Amino acid sequence: MYRRRMLTVLGAGLAAGSFAGCADPGEQATSTPTPRPSRLRIRVENESDEIHDVTFRLDVRTAGADRYEFFRLTAIEPGTTREADPRDLEAGTYELAVELPLGATTIGWAGHECTEKLVVVRFTEGATEVSGRCLDGD
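Numbering (this note's numbering), first residue to last: 1 to 138.
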């Protein structure tokens, strides 16, 4: 009985300490990264024998407001590469939805992680590939 009561008290103490946000004296608190702006570049490569359209939805979340933008690249001829005008984005986090004939995908990032983002949509005879990477090495 005594052991059960001690375990209960010990367990309650540990739970209360973890809920209260207690940290060891040697631990440092992690800081929230400072928001930074980002630049978005989009390239569509059509290696198939069909004409393609791509629709984009860009969500920009900042400290002040959320902004949504819709745009398209249309009539991308076989064997061609098209680029959208670069977009300079306010400091925040971003989501780019890429809508394709067979479905959609989303790429997300934050300005403090990637100050310049390149998204490539590549149509081939058997598949469609969407990739995103940082150009600045962050």
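Be aware that a few hints might be false.
What the hints assert, rightly or not - Derived CB-CB ranges, DEER-like:
#	residue 1	residue 2	range
1	L102	E69	22 to 32 Å
2	A127	D85	18 to 28 Å
3	T62	A84	14 to 24 Å
4	E77	R36	33 to 43 Å
5	R67	E125	33 to 43 Å
6	P101	S31	39 to 49 Å
For the record, the hints were derived by calculation from the structure and aren't laboratory data.
Source: prediction; values computed, not measured.
Glycine is no exception: its CB is placed at the ideal position from the N, C-alpha and C atoms.
Comparing the hints with the structure gives:
1. L102 / E69: 22 to 32 Å: 23 Å Cβ-Cβ, so the 22 to 32 Å window holds.
2. A127 / D85: 18 to 28 Å: 27 Å, holds
3. T62 / A84: 14 to 24 Å: 21 Å, holds
4. E77 / R36: 33 to 43 Å: About 37 Å separates the Cβ atoms of E77 and R36, which means 33 to 43 Å holds.
5. R67 / E125: 33 to 43 Å: 37 Å, holds
6. P101 / S31: 39 to 49 Å: Holds - the Cβ-Cβ distance for P101 and S31, about 44 Å, lies within 39 to 49 Å.
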